[in-house]
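Asker: The listed protein sequences derive, respectively, from chains W and A.
If you count by the working numbering, then the first sequence holds residues 1 to 404, one letter each, in order.
If you count by the working numbering, then the second sequence holds residues 1 to 404, one letter each, in order.
Misleading hints may appear alongside valid ones.
Since the list gives no way to pick out one identical chain from another, each pair is judged satisfied if it fits inside one copy or across any two copies.
Within a straight-line C-alpha distance of at most 25 angstroms, the following computed PhoX-like cross-link-like pairs (lysine-lysine) qualify [said to hold, decoys possible]:
id, residue 1, residue 2
1, 152, 200
2, 70, 355
3, 99, 235
4, 200, 22
5, 372, 22
6, 199, 152
7, 392, 333
8, 199, 151
9, 151, 200
10, 99, 154
11, 151, 99
12, 57, 152
13, 392, 151
14, 57, 70
15, 392, 22
In case anyone wonders, no lab produced these hints; they're calculated from the structure.
2 protein chains.
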Amino acid sequence: MMESDPVWEGMGVARRVIPNMKDLMLLHAGPPIEWSRMSGPMKGAVIGAILYEGWAKDDDEAGKFAESGKITFEPNHLHSSVAPMAGIISPNMPVLILKDQKFGNRTFSNLNEGLGKVLRYGAYSPEVIRRLSWMRDTLSRTLEATIDEAKKTKTGIAIKPIIAQALTMGDECHNRLNAATSLILREITPFMLSANVDKKSVTESYEFINQNNFTALNLVMAAAKAMADAAHNIKYSTIVTALTRNGTDAAIFVSGLDQEWFVAPAPVPKGVWFPGYTERDANPDIGDSAITETAGFGGFAMAAAPSIVSWVGGSVAYAIENTQKMYEITHTKNNNFLIPFLDSQGTPTGIDIRKVVRTGITPTINTGIAHKNPGIGQVGAGLVAFPSELFKAALKRYAQRYAI
Amino acid sequence: MMESDPVWEGMGVARRVIPNMKDLMLLHAGPPIEWSRMSGPMKGAVIGAILYEGWAKDDDEAGKFAESGKITFEPNHLHSSVAPMAGIISPNMPVLILKDQKFGNRTFSNLNEGLGKVLRYGAYSPEVIRRLSWMRDTLSRTLEATIDEAKKTKTGIAIKPIIAQALTMGDECHNRLNAATSLILREITPFMLSANVDKKSVTESYEFINQNNFTALNLVMAAAKAMADAAHNIKYSTIVTALTRNGTDAAIFVSGLDQEWFVAPAPVPKGVWFPGYTERDANPDIGDSAITETAGFGGFAMAAAPSIVSWVGGSVAYAIENTQKMYEITHTKNNNFLIPFLDSQGTPTGIDIRKVVRTGITPTINTGIAHKNPGIGQVGAGLVAFPSELFKAALKRYAQRYAI
Numbered sequence: 001m002m003e004s005d006p007v008w009e010g011m012g013v014a015r016r017v018i019p020n021m022k023d024l025m026l027l028h029a030g031p032p033i034e035w036s037r038m039s040g041p042m043k044g045a046v047i048g049a050i051l052y053e054g055w056a057k058d059d060d061e062a063g064k065f066a067e068s069g070k071i072t073f074e075p076n077h078l079h080s081s082v083a084p085m086a087g088i089i090s091p092n093m094p095v096l097i098l099k100d101q102k103f104g105n106r107t108f109s110n111l112n113e114g115l116g117k118v119l120r121y122g123a124y125s126p127e128v129i130r131r132l133s134w135m136r137d138t139l140s141r142t143l144e145a146t147i148d149e150a151k152k153t154k155t156g157i158a159i160k161p162i163i164a165q166a167l168t169m170g171d172e173c174h175n176r177l178n179a180a181t182s183l184i185l186r187e188i189t190p191f192m193l194s195a196n197v198d199k200k201s202v203t204e205s206y207e208f209i210n211q212n213n214f215t216a217l218n219l220v221m222a223a224a225k226a227m228a229d230a231a232h233n234i235k236y237s238t239i240v241t242a243l244t245r246n247g248t249d250a251a252i253f254v255s256g257l258d259q260e261w262f263v264a265p266a267p268v269p270k271g272v273w274f275p276g277y278t279e280r281d282a283n284p285d286i287g288d289s290a291i292t293e294t295a296g297f298g299g300f301a302m303a304a305a306p307s308i309v310s311w312v313g314g315s316v317a318y319a320i321e322n323t324q325k326m327y328e329i330t331h332t333k334n335n336n337f338l339i340p341f342l343d344s345q346g347t348p349t350g351i352d353i354r355k356v357v358r359t360g361i362t363p364t365i366n367t368g369i370a371h372k373n374p375g376i377g378q379v380g381a382g383l384v385a386f387p388s389e390l391f392k393a394a395l396k397r398y399a400q401r402y403a404i
Numbered sequence: 001m002m003e004s005d006p007v008w009e010g011m012g013v014a015r016r017v018i019p020n021m022k023d024l025m026l027l028h029a030g031p032p033i034e035w036s037r038m039s040g041p042m043k044g045a046v047i048g049a050i051l052y053e054g055w056a057k058d059d060d061e062a063g064k065f066a067e068s069g070k071i072t073f074e075p076n077h078l079h080s081s082v083a084p085m086a087g088i089i090s091p092n093m094p095v096l097i098l099k100d101q102k103f104g105n106r107t108f109s110n111l112n113e114g115l116g117k118v119l120r121y122g123a124y125s126p127e128v129i130r131r132l133s134w135m136r137d138t139l140s141r142t143l144e145a146t147i148d149e150a151k152k153t154k155t156g157i158a159i160k161p162i163i164a165q166a167l168t169m170g171d172e173c174h175n176r177l178n179a180a181t182s183l184i185l186r187e188i189t190p191f192m193l194s195a196n197v198d199k200k201s202v203t204e205s206y207e208f209i210n211q212n213n214f215t216a217l218n219l220v221m222a223a224a225k226a227m228a229d230a231a232h233n234i235k236y237s238t239i240v241t242a243l244t245r246n247g248t249d250a251a252i253f254v255s256g257l258d259q260e261w262f263v264a265p266a267p268v269p270k271g272v273w274f275p276g277y278t279e280r281d282a283n284p285d286i287g288d289s290a291i292t293e294t295a296g297f298g299g300f301a302m303a304a305a306p307s308i309v310s311w312v313g314g315s316v317a318y319a320i321e322n323t324q325k326m327y328e329i330t331h332t333k334n335n336n337f338l339i340p341f342l343d344s345q346g347t348p349t350g351i352d353i354r355k356v357v358r359t360g361i362t363p364t365i366n367t368g369i370a371h372k373n374p375g376i377g378q379v380g381a382g383l384v385a386f387p388s389e390l391f392k393a394a395l396k397r398y399a400q401r402y403a404i
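Using the sequences and the hints, build the whole thing.
Answerer: Here you go:
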């Protein structure tokens, strides 16, 4: 996990670059789920993706198309991909391509749309679809040319050093990415300037990224997926290699237990609410973004990001305490990601299901919170603990599998 | 001090924009000093500035010119200016112009050259002079067009919000400015792109700034000077409005005591040394940059910047302890600059000479360290406490002045 070296090496269109991606397939966050059991925000995002793909001409038709059985729904995680919140990736969406320089495998994520009314939070209004089309036509092409330009002198944009630096700059790199986004912008802008792209596209793309401090999220998630993949499928290993939620269920993968999903109902986060919203509006936990905690940052690195508490709640003391607690359920301290305030100790890394079950402490995730109804969007951000039954079920299965 | 609102409103040439700047005048850091008493790095910087201005054709001639009495040497602080280390500003150097939106006055600083062999550390080789010429011909013109572009939609680039954000991103904004520089770059780049500047100049300027995390230093110093000026010349006030050093002497201004310099020998910083150098190579403390501590950040905000300890020395515990100690000698907590790790307490702001004398605690400065000989450059970075006799002398004078 710590040896993985994911580098952003390009952009692509999902159907062309994501392994086993097919037409009329939608990838989603979390474990497998059929349309009827999908939560509101995921249904909203599916409707939006159908409109974006042009499979239907309005919301109504899109809803009917979704339940018609014509679409294949599959988890991102089974396609080397991760995406935040609803996490819908449709065949013609542009995606980030990362390559692990150490182990050679590729991982993928979509492009971050910003905050507010966005597909990943279940919004699908014309403004959402227009933005997605602009991201496909302008942003992704600009980024493609930019990364191509960067690749004239290096393998791409290395993401691990960016996460490492951002952790010394007040980010935990899941819900606070102000520094990570700044660092990525600083690194890619020279290539954006020298790439063969028209000035309007450069200006618009720069502005779009500059106004969205969550730009870095999808990149660090794809990087975290590479790290987790590096630790996956190791015989006897009790390390968790995916924490993920689809808004209905929460689930984990364990390294030594193949692609077996351990599933339990997704909990509702405790949050800080946007004006006008309360806990009653909240959808249960959703998104692949807990891959950041899986790889040893995000909520696990809260002690590096004292300002995060104004966004997800809690106090600075709690942020430090939470990181300290995560050491009790992880295998080691990360040798890449250091927390300056803990005298540059490495972040707690590698959740061990045995330690979770033994201590009763479950991984704490920093998360965005979607409205439970489709079409609305984000209502807050907060904290959520993964259900303990997942780890118990996994450990039980582990004992059977290895005949212990 | 806390109400001041300094905004970067443009670029100019020193002789045209700095008040009372004259031909054959060199401004310098710290209190007044004649050529013969100048330290090695300041002499080196003077020689470099003479070469840059074309007043002499080689080092030898420049040295003779410096001691000929033809040059007027005056402190930056008497010209609404501040500059780091030797702080030499010559008539044809480009300078940053800041305007205080609250109080209307302007402050100035030069442009940061980066680390290593640079004029402000006393280096004056051809590479140093070439860089200064490029900064005049390309960088400052690009920045001028950039700020002009920004001013189409706002008053300029507000520096206080940048400092405030940077303090939540691991900077203390004196010796660590990674976040501040990133934030400034993010803010000005869109204007740089839309300004009427050739692509080569934009690319070169962007690269130069991007490769120098100290770019923000001179801007935050000029901003701090505006803050200090706002608190200066207030009858009865015992607040320090300048902490400054010229490499030979350290000095302070006190608000209620006009432009009277209180002067003592500059101490040698305790440092972390660049490879091959030791304390024996170090020049005594030099530069106007302690204006940052004067305004309530820099060393006073070390608790916001745990990573700084790898650059200036000490431990994270020491960084926090130092900030805590500075509360004992300051008037208040800053309502702009908050330290996330101290539960968003304001930084200690407004050094009160009465409190310094009563507690025996003197202001601690984070500082770069110059080689004591001219022509060499930076040899380390460290910490230095201002001499207590300055504050005692000022308090004595205060008692006389106000007949207490």
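Asker: State whether the alpha carbon distance between residue 152 and residue 200 is at most 25 angstroms within one copy, between copies, both, or neither.
Answerer: The answer is both: 23 angstroms in one copy and 19 angstroms across copies each meet 25 angstroms.
Asker: For residue 57 vs residue 70, is the C-alpha pair at or below 25 angstroms within one copy, between two copies, both, or neither?
Answerer: Within one copy only: 16 angstroms inside a chain, 81 angstroms across chains, cut-off 25 angstroms.
Asker: For residue 99 and residue 154, with the copy left unspecified, which applies at a CA distance of at most 25 angstroms: within, between, both, or neither?
Answerer: within (13 angstroms within a copy, 42 angstroms between copies)
Asker: Since the copies are identical, ignore which copy is meant and state whether residue 200 and residue 22 lie within 25 angstroms (CA to CA) inside a copy, between copies, both or neither.
Answerer: neither (33 angstroms within a copy, 44 angstroms between copies)
Asker: One pair to classify: residue 372 and residue 22, alpha carbons no more than 25 angstroms apart. Within, between, both, or neither?
Answerer: neither (29 angstroms within a copy, 68 angstroms between copies)
Asker: Is it within a copy, between copies, both, or neither that the alpha carbon of residue 392 lies no farther than 25 angstroms from that of residue 22?
Answerer: Neither: 35 angstroms inside a copy, 79 angstroms across copies.
Asker: From the Cα coordinates, with 25 angstroms as the cut-off, is the pair residue 151 and residue 99 best called within, between, both, or neither?
Answerer: within (13 angstroms within a copy, 42 angstroms between copies)
Asker: Can you tell me if residue 199 and residue 151 fall within 25 angstroms by alpha carbon in one copy, between copies, both or neither?
Answerer: both (21 angstroms within a copy, 21 angstroms between copies)
Asker: With 25 angstroms as the alpha-carbon cut-off, assign the pair residue 199 and residue 152 to within, between, both or neither.
Answerer: Close inside one copy (21 angstroms) and across copies (19 angstroms); limit 25 angstroms.
Asker: As a check of your reading, is residue 70 near residue 355 (CA-CA no more than 25 angstroms) within one copy, between copies, both or neither?
Answerer: neither (43 angstroms within a copy, 76 angstroms between copies)
Asker: Classify it for me, residue 57 with residue 152: is the Cα-Cα distance of at most 25 angstroms met within a copy, between copies, both or neither?
Answerer: Neither: 42 angstroms inside a copy, 42 angstroms across copies.
Asker: Tell me, please, which holds for residue 99 and residue 235 at an alpha-carbon limit of 25 angstroms: within, between, both or neither?
Answerer: Only inside one copy: residue 99 and residue 235 sit 24 angstroms apart there, 65 angstroms across copies, limit 25 angstroms.
In this structure, the hints that do not hold are numbers 2, 4, 5, 12, 13 and 15, in rising order.
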